[in-house]
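Go by the hints and put chains B and C onto chain A.
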Amino acid sequence: MKLKKLLLPLMALFTASVLSGCDLVVFQPQGPAARSITDLINWSLVWMLLVVVVVMVLFITIVWKYREKKENMNYEPPEEHGSIWLEITWTAIPFLIVIALTIPTVTTLYDLDKVPKGYENKEPLIVHVTSADWKWIFSYPEEGIETVNYVNIPEDRPVLFKLTSAGTMQSFWVPALGGQKYTMGKMETDMYLVADNPDSYQGKNTNFNGRGYADMEFEVLAQTQEEFDEWVKEAQSRAPKLTEEEYEDLLQPTVLGRKTFSNTHLEWVNHADPNSKTYTNPESYRGHGYQGKIFEENDNYKNKSEENTNQLEANAHTNHGGEHDEH
Amino acid sequence: MMNIKWDEILITGDPLILGSQIAIVLTMVGVIAGITYLKKWKWLWTEWLTTVDHKKIGVMYIIAGVLMFFRGGVDGLLMKAQTARPEMEFLNAQHYNEVFTTHGVIMIIFMAMPMLIGIMNVVIPLQIGARDVAFPQLNALSFWLFFSGAMLFNISFVVGGSPDAGWTSYFPLAGKEFSPSIANNYYAVALQIAGIGTLISGINFIVTILKMRTKGMTLMKMPMFTWTGFITSIIIVAAFPIFTVALALMTTDRLYGTHFFTLSGGGLDMLWANLFWLWGHPEVYILILPAFGIYSEVISTFSRKSLYGYKSMIVSIVSIAILSMLVWVHHFFTMGSGPTVNSIFSISTMLIAVPTGIKIFNWLFTMRKGRIKMTTPMLWALAFIPCFLIGGVTGVMLGMGAADFQYHNTLFLVAHFHYTIIPGVVFAVFAGIYYWWPKMFGFMLNEKIGKWHFWLFVIGFNLTFFPMFFLGLDGAVRRAYTYSAESGFASLFGLSAIGAAILALGFAAFCYNIYWSIRHADRNISSDPWDARTLEWSTASPVQYYNFAKLPEVNRLDAFWHMKKEHQGLTLKESEIEEIHMPSNSGLPIFMGAVFGIAGFFLVFEWHIAAAIAGIGIIAGLIIRSFDYDDGYHVKVNEIKSIEKSWRNVEGEVHDHVS
Amino acid sequence: MSANVNTALPLEYQREQDRMNILGFWIFLGAEIILFATLFGVYGVLYQRYAGGPTHQDIIVIKDVMIQTVLLLTSSFTMGLAIFEMRRHNLKGLIAWFVVTLLLGGGFLFMEINEFIHYVHEGATMQTSAFLSSLFVLLGTHGAHVTLGIGWATMVIIQLLKRGLTPVTARKTFIIGLYWHFLDVVWIFIFTFVYLKGLVG
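Protein chains in written order, with this note's numbering: chain A, 1 to 327; chain B, 328 to 986; chain C, 987 to 1187.
Only chain A is shown next, with the shape it has when bound in the complex (with noise of 0.2 angstroms):
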C-alpha cells in the first residue's frame, strides 16, 4: 500500500527528533533542585520504557501471529475466559513499579520543599517575587533594591523566593534551575533555588493570564558573589526611586522591558499579605466584544481613603486604558 511507503521515511524523522532529546532543557539541570527532578525524571523513563517494551513486544507478537490469512480462515479461536493467575501477575507487576516510582517520588517532593542538601549552612538570599500582568518584580527587602523582568542571584548560594501576584495566578519558572510554582494573590509559596554557576537562565510564566502572557520571559542571571554584590551597590546608589504612583502605573496590563530601583514597593503595600488592599483595574482590560458590568469593590487600592466613592466614575477620569491590541 502506498501509506505503508511513507511511513518508513516519517519513522526515520520520528527517531530523529527523539535522539535531539539530548539537549533538553529539563535534561541539563543547572542547580539542585532541578538536578533532583531530571534524576526522578531518568529513573521513571527506565521503567516506563520497560513497560512499553513489555506490552508492545506482546502486541505485535500477538497481532502478527493470530491475524487473518487465507489459511487460517477454517480456523475457530478456542472459548477462553481469563486466567486468575494471569490477573494476579499483571495487577502485581505494575503495582510494584508504582511503589518504586513513588518512594523517590516522595523523597524528592519533601526535599524540594526545604533548602537543598549541602546549603544548609549558607544563608539564604531573600526575593519577593511579584507576578503582574504582563512582567514580573523582584524585591530584595535586604537590600533595599527591586527590578522588573530580571533577577540577579549569586551563585552557590539558596535563594529562597517569596512568590506571590498582584493580580492572576501566575507560575514562576526557571527549567534550568528548577520546578515550577504558582503565585496567587493574597498568599504567598515559598521556593528555593541555587544556581551551581554563573550563567544566564530563561525563566517563564506557565499559567496562562491573558494577552501578554506570552511576553512574560524574564531572565535570571547567577553572578558570582562579588559581581552580584557589585551590581547591588550600582542599583542601590545609581538607581530611581519608585514612587507609590508610578508603582500602580506598573501593574497596569502593559508589557515592559527591564527596570532597578532603589527602593521596593513593600514599603507600601505587600501582595502576599492577605488583608492587602486590592490591586484590580477591570477598566484597562476593557476592549474585547459586548462590555460586562463592572463592580465597585471597598477593598481596591483607589479606594485611599474608607469611604465608599463612585469607584466607575473615578476609574473614567484616572485610567490610561492600558495595553490594548485592537482587532
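With a straight-line Cα cutoff of 25 angstroms, these simulated BS3-like cross-link-like pairs (lysine-lysine) come out:
| id | chain 1 | residue 1 | chain 2 | residue 2 |
| --- | --- | --- | --- | --- |
| 1 | B | 332 | A | 293 |
| 2 | A | 241 | A | 277 |
| 3 | A | 65 | B | 700 |
| 4 | A | 162 | A | 241 |
Pulled a few chain C residues facing chain B out of the computed Cβ check, cut under 8 angstroms:
| id | residue |
| --- | --- |
| 5 | 1006 |
| 6 | 1013 |
| 7 | 1014 |
| 8 | 1025 |
| 9 | 1113 |
| 10 | 1115 |
| 11 | 1119 |
| 12 | 1120 |
| 13 | 1123 |
| 14 | 1141 |
Computed spacing ranges between beta-carbons, pair by pair:
| id | chain 1 | residue 1 | chain 2 | residue 2 | range |
| --- | --- | --- | --- | --- | --- |
| 15 | C | 1009 | B | 649 | 19 to 27 angstroms |
| 16 | B | 949 | A | 293 | 24 to 32 angstroms |
| 17 | C | 992 | B | 368 | 40 to 48 angstroms |
| 18 | B | 960 | A | 286 | 56 to 64 angstroms |
| 19 | A | 23 | B | 413 | 14 to 22 angstroms |
In short, the hints are calculated from the structure, not lab data.
In this text the structure is predicted, and so the values were computed from the model without any measurement.
Each residue gets a CB set at the ideal place from its N, CA and C atoms; glycine is no exception.
Chains B and C alone, transformed into the frame defined by chain A:
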C-alpha cells in the same frame, strides 16, 4: 439593568470573524430554504425534532458531534498555523486565546461527550434487549439541552465575544476583575445548560440498565459496553453536580458581584481550581470508560473470541471510577499544597495505571489465539494500544508530583492528554461509528476509504503530538500564541503543523466516506455483517423502530453469538407477536432547549429582566410536562408482522451472516 | 404489561414504569446530595472570610431561625402524614395534610425572605464578602428548592383533585414527598453547621 450597547453586540474588525458571520447567516438561510423547497418540514418535525426514539436521538448526537469536531478541528488548525513559524502574526494574542479556549471546550464537551453519549444511546438499549431507555422524553430533553448549550457557545465568537480564559477558565483571570466583557459568561451559561442534559442522561442510563435488561440477562451477563455505560453514568451523577455548582458560582461572581473566586472581598481563586478539577478529572474518565467499552466489543468481535477476563475487566472499571474521584489535585501539584498533599495525590494518580494496565493485557489476551480480522473498526482498536500506551506512561510520569514541577503547563502535558484522549476516545468513536453504522443506517461505510481515513489520521496524529513532548521538555509552555526564533522551537513546531494538516486530511477522508457511502453503498446487506456477538445484531439493519418484535431471552454472555451457534432464539413465530407499547413523540424537549437557550442568551448579555421573562418559559414547560398524561400508543400486530417479514427469511429467522 | 402490575404493593409501586420513576428520583436525590455537599464545602472554605464586613454574630437572629426550623421540620412531619393517608387511600386526608405542609413551607419561606431583607438592611449583602456570598448562595439554593417544591406540589394537588388517586398520581405524590423530606434533611445540616456553628465558633 437593560441598557443595551447595540454597537458592541456583533464582533467587528476581524476579517476571519466577518467571514464566519456571513457564512453562518448564509448557511442558516440556505438550510431553511432547502428544507422549505423540499417540503420536508413536517417530516423533520415528526421524524427527528420531536422524536423520543433512543436510536434517532443517538444519531442526532453523533451528527452534532461530527459538526463540532469540524469546528474544534478548525480551531486546532488555526492554532497550528499560527505557531508553525516563530513570531507569526496570523492570529494576534487575543484571537489565539479565544481559539484555544473554544478548541478545548468544544472538543471535550461538544464533540467527545455527544459522540459517546450518542453511541450509548443507539447501542445500550439494544444490547440489553430493551425497547428504549427508561425515560424516553427525558432522553430527548438531554439532547436538546446539549444542543442548546452547544449553539449558545458556538455563536460567541461572532456575537458578544468568545470566551478567552482557557477551557479551564481559571480565576481571577476569568472573573470580571480581569475579563470585564461578557465573553466568559458564555462559558458559565452554555456549559451549565449542556451539563444539565448530561446529568439527566446519567440518571436515565442507570435506571435503564438496572431495570430494563431482558429476561435472563443478569448484570454479569451484560455486554462490556453496557457495563462501561453503567459505570460512566454513575460517575456522571457523582461529578456533574460539582460542575453545576462551580459554574453557578462563576455566574454569580461575574453577573452579581459575589466573591467566591475574586481577588477582592475574601474570594479564593484556588477554590475555582479545586471545584473545576473535582469535576474535570472524573470528566475525562467519563470520556474514556465508554471508549474502553467500544474497544471491548470491537476487539472481541474481530478476534472471534469472547472478552478475556470479563470479571477482571469489571473490577478494573469500577476501580478506575472510584480512583478517578480521588486524584484531582494532580492538576495543580504546583499550587503549593505542600509535600504531604502532593505525595498522597501522586500515589492515587499513579495507582490508576494499575487497573488500566489490566485492561490492556486483557484486550491483548482476547486477541491471542483469535483470528484477527483487519476491518476498519479493528484497525482503530489496534492503533489505540500503542498510542494510548504512550499517553498512559507519560501520565504516570506526570503523576509523580515532583517531576510534574517541570512538566506542568508545558507542551509535554498537552502531548500527554492528546495521547490519551485521541487514541483513547477519538479512535474509539471512529471504531464505534464504523462498527455500528450498518445497524444505524442499513449500509456500511466504505472499507477502502476507511483505511485512508485511518492511516492519514493516525500518522497525522502522531506527527502532530509526538514532537510536543520534546518541546515541553525544552521549556515550551502551553497556550502561548507565539515563540521567539532564538528559542529553537521552530523546527518541531513546524513538524507538528505538518502533522496537523495530515490529520485534517484524515478527517476529510472520514467526511468523504460518509458522503460516498450514502450515495453508493449497497443497501442490501445482512443484519449481522460482522458476525458479531451481542444482541443488537439480532435486529434488522436499520433497526425496527420498536427494536424487538419479541423481547429476547438470554442465559449467557455473548448471547447472540451462542444463539447463532445453537440455532436458538433467532426465529420469530407469528403467534409470538403481541402489541407493543411505545412512547409518543413530544415537542416539549425541543421547546425547552429553545427556551433555555434564549434565557441563557439574555443571561450571557446580562439583560436580567429579559432573562427572567424567558425563564418563565422554562417554568411553563415544567408545568406542561407535569400535566402531560399521554401514555404512548400501541403498535398493531399487523404492522409488526409486515415489518418483520421484510427482513427475516421465510422461516422467520434472521439472515445468516454474509461475510 | 399486566405482568408488571403487582397489586400487593402500595399504589405508587404497582406498575413497572412508576417503580422506575421512583428509582430515577432517588438517583436524582443522590445528585442533589452532591450538589449541596459542594455548596457546604464552599461554605466551609469561605465561612470565615469576612473581608472586614459583618460576621455571623453581627447578623444572625437565632430566634427567627428557630421558628423557621420548627416550621420546616413540622412540614416534613405533615408530609409524612399525607403519605400515610395516601396509603390508606384517603384522598381527602392526603390533600388536607398536603396543603398544611405547603402552608408551613410557605411560612418558612416568608421568614427566610424576611431574614435576607434584614441582612441587606444591616449592610450584609452577597456582594460584601466571601462569607456572605457563600451564606446567601447556600441558603438561597435551599430556599429556591423549597419554592420550586411548593409550585410543583401545587401542580400535583390539582392533578389529585382532577384525577383522584391513581398509580400515577400516587407516584407523583410519593416523589414530591421524598423531595420535601430531602430538603428538610438539608435544612438540619444548614441549621447546625451554618447558624449554630456560626454563633458558637
